[in-house]
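Asks: One-letter residues, chain by chain:
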Amino acid sequence: MTAVTAAARTDATPAAAPAAPLALPSGVKPTPARVLPDRTRALGTYLFMVADAMVLSTIVAAYFAIKDGSSAWPPVDVGVGTYIPSIVSITLTMAAASAHWAVRATRENDQRNVAIALVFTIFLGIAAANAEWAAFDKAGFGVGDHAYGTFYYVLFGYHLVHLLAAVGVLGLLLGRSLTGHFSAEHHDPLRSGVLFFQYSNAVWFAVATVLFVFSRVHG
Amino acid sequence: MTITDAGPDADTLAPPETVEIDQGSTAGTDHKVIGTLFIAASLAFLVVGGLLAMVMRAQLAVPDSDVVGGNTYRQLFTMHGTIMVFLFLLPLWLGLVTAILPLQIGASRMAFPRVHALSLWLFVGGAGMVAAAPLASDVLGGWTLSTPIPVGEGFTGEGIDLLILGLIVVSVAALAVAINVLATVLQLRAPGLTMARIPLFSWSATVSSAVMLLALPVLVAALLLLFVDRHYGGMVFNGFTGSRGGNPLLWPRLFWFGAFPLLWALLLPALGAVSDIVPVFARRRLFSHQRAVVAIAAIGVLSFAGWGSEVSNLRRARPLFALGVLLVLLPVASLILNWLATAVTSARNAAARQDKSLKERFQSVTMLHVRGTLGLLLLGLAGELVAGLDAGGRTHRNYWGVATQHSLFFGAALVGAVAALYFWAPKLWGRHLSEKLGKLQFLALVGGLFLTALPMFVLGIQDMGVHTSSYVTDSDWGPANLVATVGGVIVVGGVLLLILNLLVSVVAGKGEVAGPDPWGGHTLEWSTTSPPPVDNFRVLPEVRSEAPLLDLAQTETQPR
Numbered sequence: 001m002t003a004v005t006a007a008a009r010t011d012a013t014p015a016a017a018p019a020a021p022l023a024l025p026s027g028v029k030p031t032p033a034r035v036l037p038d039r040t041r042a043l044g045t046y047l048f049m050v051a052d053a054m055v056l057s058t059i060v061a062a063y064f065a066i067k068d069g070s071s072a073w074p075p076v077d078v079g080v081g082t083y084i085p086s087i088v089s090i091t092l093t094m095a096a097a098s099a100h101w102a103v104r105a106t107r108e109n110d111q112r113n114v115a116i117a118l119v120f121t122i123f124l125g126i127a128a129a130n131a132e133w134a135a136f137d138k139a140g141f142g143v144g145d146h147a148y149g150t151f152y153y154v155l156f157g158y159h160l161v162h163l164l165a166a167v168g169v170l171g172l173l174l175g176r177s178l179t180g181h182f183s184a185e186h187h188d189p190l191r192s193g194v195l196f197f198q199y200s201n202a203v204w205f206a207v208a209t210v211l212f213v214f215s216r217v218h219g
Numbered sequence: 001m002t003i004t005d006a007g008p009d010a011d012t013l014a015p016p017e018t019v020e021i022d023q024g025s026t027a028g029t030d031h032k033v034i035g036t037l038f039i040a041a042s043l044a045f046l047v048v049g050g051l052l053a054m055v056m057r058a059q060l061a062v063p064d065s066d067v068v069g070g071n072t073y074r075q076l077f078t079m080h081g082t083i084m085v086f087l088f089l090l091p092l093w094l095g096l097v098t099a100i101l102p103l104q105i106g107a108s109r110m111a112f113p114r115v116h117a118l119s120l121w122l123f124v125g126g127a128g129m130v131a132a133a134p135l136a137s138d139v140l141g142g143w144t145l146s147t148p149i150p151v152g153e154g155f156t157g158e159g160i161d162l163l164i165l166g167l168i169v170v171s172v173a174a175l176a177v178a179i180n181v182l183a184t185v186l187q188l189r190a191p192g193l194t195m196a197r198i199p200l201f202s203w204s205a206t207v208s209s210a211v212m213l214l215a216l217p218v219l220v221a222a223l224l225l226l227f228v229d230r231h232y233g234g235m236v237f238n239g240f241t242g243s244r245g246g247n248p249l250l251w252p253r254l255f256w257f258g259a260f261p262l263l264w265a266l267l268l269p270a271l272g273a274v275s276d277i278v279p280v281f282a283r284r285r286l287f288s289h290q291r292a293v294v295a296i297a298a299i300g301v302l303s304f305a306g307w308g309s310e311v312s313n314l315r316r317a318r319p320l321f322a323l324g325v326l327l328v329l330l331p332v333a334s335l336i337l338n339w340l341a342t343a344v345t346s347a348r349n350a351a352a353r354q355d356k357s358l359k360e361r362f363q364s365v366t367m368l369h370v371r372g373t374l375g376l377l378l379l380g381l382a383g384e385l386v387a388g389l390d391a392g393g394r395t396h397r398n399y400w401g402v403a404t405q406h407s408l409f410f411g412a413a414l415v416g417a418v419a420a421l422y423f424w425a426p427k428l429w430g431r432h433l434s435e436k437l438g439k440l441q442f443l444a445l446v447g448g449l450f451l452t453a454l455p456m457f458v459l460g461i462q463d464m465g466v467h468t469s470s471y472v473t474d475s476d477w478g479p480a481n482l483v484a485t486v487g488g489v490i491v492v493g494g495v496l497l498l499i500l501n502l503l504v505s506v507v508a509g510k511g512e513v514a515g516p517d518p519w520g521g522h523t524l525e526w527s528t529t530s531p532p533p534v535d536n537f538r539v540l541p542e543v544r545s546e547a548p549l550l551d552l553a554q555t556e557t558q559p560r
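From first to last, the protein sequence lines stand for chains A and B.
Numbering (the numbering used here) for the first sequence: 1 to 219.
Numbering (the numbering used here) for the second sequence: 1 to 560.
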């Protein structure tokens with residue numbers, strides 16, 4: 001966001017010049033232009049995260065409400081493995097570190113390391129998504145078999161959508177990084193994109209905790 | 001402009017200076033254009049929802065009526081409620097708020113102009129899905145999508161899928177607007193415009209957006225789970241809790257946790273608009289801007305406290321939710337007293353000066369609608385008081401609840417919005433709406449709303465059920481139903497007159513041309529041209545209080 005003088009703006013956008021007189025009295029002297037700090041994208045991302053976390057919280061609340069009324073959770077014939085969730089957790093932890101590396105590198109104006117870190121993060125993100133897809137294949141139950149199954153697919157799917165969206169955003173940011181859009185002074189979009197990626201990782205750990213840690217109750 | 005009430009710092013003020021502001025958006029993402037399109041869409045759906053209501057009222061006007069069958073009636077009932085809440089009230093405020101708010105806070109644009117444009121088209125797509133739902137298959141169960149659980153006839157098929165998906169898309173569009181509004185208020189305020197000085201309409205929009213940010217995702221999640229149940233055979237709301245099944249009684253809890261605050265969030269901007277209009281027409285500052293700020297914030301916070309009053313199976317928590325409903329009424333009452341104190345002290349001052357112009361201002365169409373809002377608000381609050389004390393009880397399943405919703409969350413919100421339209425139409429579109437047509441429209445709209453709501457309260461006392469689609473001759477429900485139907489017809493007449501007024505005055509350009517500040521406004525939007533340029537302002541007056549233009553006028557009249 002840049003502040004421009006009234007005259008410059010009038011030149012650039014003729015529609016900005018009003019035909020009717022302003023309500024202000026004549027003779028007022030403008031003070032020097034003021035530029036607002038550009039944290040708007042990051043703020044928008046934070047607000048989006050609040051809304052998104054409310055969606056996840058509601059699904060988790062429904063999960064616990066039904067789990068608490070169940071005679072067995074998950075049903076006795078359902079085995080919940082820990083292999084794939086562990087693989088996904090480790091992969092996404094590494095991805096979180098490399099995403100942070102990208103932001104650190106851009107603060108130091110090291111564009112080569114920004115690109116390497118983003119490529120690494122995208123690769124790890126795709127690997128984690130692949131592992132999650134394998135979890136669908138190997139679940140051994142369907143979405144309609146029982147309530148645990150429904151939550152399993154909904155929560156896993158919820159994270160998968162976030163992860164793929166975040167990987168897509170990082171892909172776009174990689175393109176912009178390679179074409180020299182970011183610098184130590186201007187990297188707000190990169191910061192916001194990485195923030196969203198880290199949020200999607202937080203979604204994973206919430207989902208994994210709910211599905212695999214708080215599921216160990218049998219009546 | 002005559003100033004009758006000095007602000008707190010008026011004596012110490014130097015002549016305000018102006019400050020340059022950030023550059024704005026292009027015409028394709030102009031918040032005023034997008035806001036206007038939201039308003040136009042909402043009015044179109046108001047007509048559709050109103051006509052559906054007319055068919056329902058025709059069916060209920062007399063006993064043993066067979067205008068429509070029971071199944072068709074239930075579909076009309078579902079679509080009327082859904083359209084009025086999600087496709088009329090919601091976009092109406094999304095439109096008014098996004099058109100006015102940047103102007104009020106001295107911003108040249110919304111924080112995310114392209115997201116704003118996207119949210120409009122998301123809304124249009126979602127609204128199309130909702131409107132098409134009954135064409136695909138039966139959609140029954142009312143706007144709560146339950147009776148009270150979302151199981152049985154009318155809860156399967158492509159229609160319900162389309163309805164659920166459409167509501168999700170509309171809710172996401174509204175969430176995008178809420179995020180945009182919050183980011184705009186937090187980042188793009190004019191220099192000097194602290195949060196405590198924000199105009200009350202913008203403040204109410206901020207609080208309303210915060211409520212939506214927390215409430216709408218709950219609704220989205222519940223709808224998502226319902227969609228998985230209906231479309232993919234999920235088990236969250238199917239069967240009863242055992243080792244495999246879910247819990248259908250969870251649906252009303254999730255739904256009302258999101259929907260109850262949403263209803264208050266849709267009423268809040270009406271309260272904010274009235275809070276901005278009354279001081280301008282009273283020619284003085286609001287009696288207490290600070291208390292109004294606190295009251296509006298309190299309404300937002302407390303709106304989450306009463307959701308369980310609408311759920312019938314939360315017996316042990318009933319007293320808690322009853323308290324929640326009653327608590328939210330207190331800040332509303334405080335706000336009403338603030339308006340009345342402003343108007344009464346202004347009238348006294350005017351009487352002391354023998355100034356008759358104030359009376360004329362109070363009889364303008366805008367102020368008539370403010371009075372209408374106040375009347376419907378008081379009626380609705382009385383209904384909500386009783387319904388709150390009867391949390392989870394019969395008043396939520398008979399016509400008492402319908403009457404409360406139609407007077408408070410529909411009537412007061414609609415008439416408050418119309419007051420806002422009369423007030424800000426000159427600013428947004430550069431033309432005044434016709435006062436002559438406006439007075440006729442006021443009589444029809446507000447008179448019709450009272451004529452509809454009052455007999456509905458009688459039907460509540462007579463315990464007529466919400467889902468009743470016909471009744472026998474022996475029943476004593478006939479007279480009140482007939483009066484409510486006549487009232488409904490008059491309301492539709494009022495709505496059509498409003499649309500006619502907008503078409504004639506604004507679209508056809510027959511309305512009186514408005515100057516930059518036709519009302520003697522207090523807030524920043526009145527410092528620019530009518531209509532404003534694409535990026536709203538070239539210069540801004542310095543902001544030193546909640547009424548910067550009033551400060552400006554006062555320093556002009558003071559000897560230097």
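I should point out that these hints are in silico values taken from the structure, not numbers from a laboratory.
Computed from a predicted model, the values in this text were never measured in an experiment.
No residue lacks a Cβ here, since even glycine has one placed at the ideal position from N, Cα and C.
Hints are supplied without guarantee of correctness; some may be wrong.
[What the hints assert, rightly or not] Just the calculated beta-carbon pair ranges, DEER-fashion:
1) B:474 / A:144: 44 to 52 angstroms
2) B:386 / A:144: 41 to 49 angstroms
3) B:66 / A:202: 37 to 45 angstroms
4) B:301 / A:116: 46 to 54 angstroms
5) B:301 / A:126: 40 to 48 angstroms
6) B:482 / A:39: 36 to 44 angstroms
7) B:195 / A:184: 40 to 48 angstroms
8) A:116 / B:124: 38 to 46 angstroms
9) B:461 / A:57: 52 to 60 angstroms
10) B:195 / A:93: 36 to 44 angstroms
11) B:319 / A:93: 41 to 49 angstroms
12) B:333 / A:184: 31 to 39 angstroms
Asks: Which hints, by number, does the structure contradict?
Replies: Hints 3, 6, 7, 9 and 12 are the ones this structure does not satisfy, whereas the remaining hints hold.
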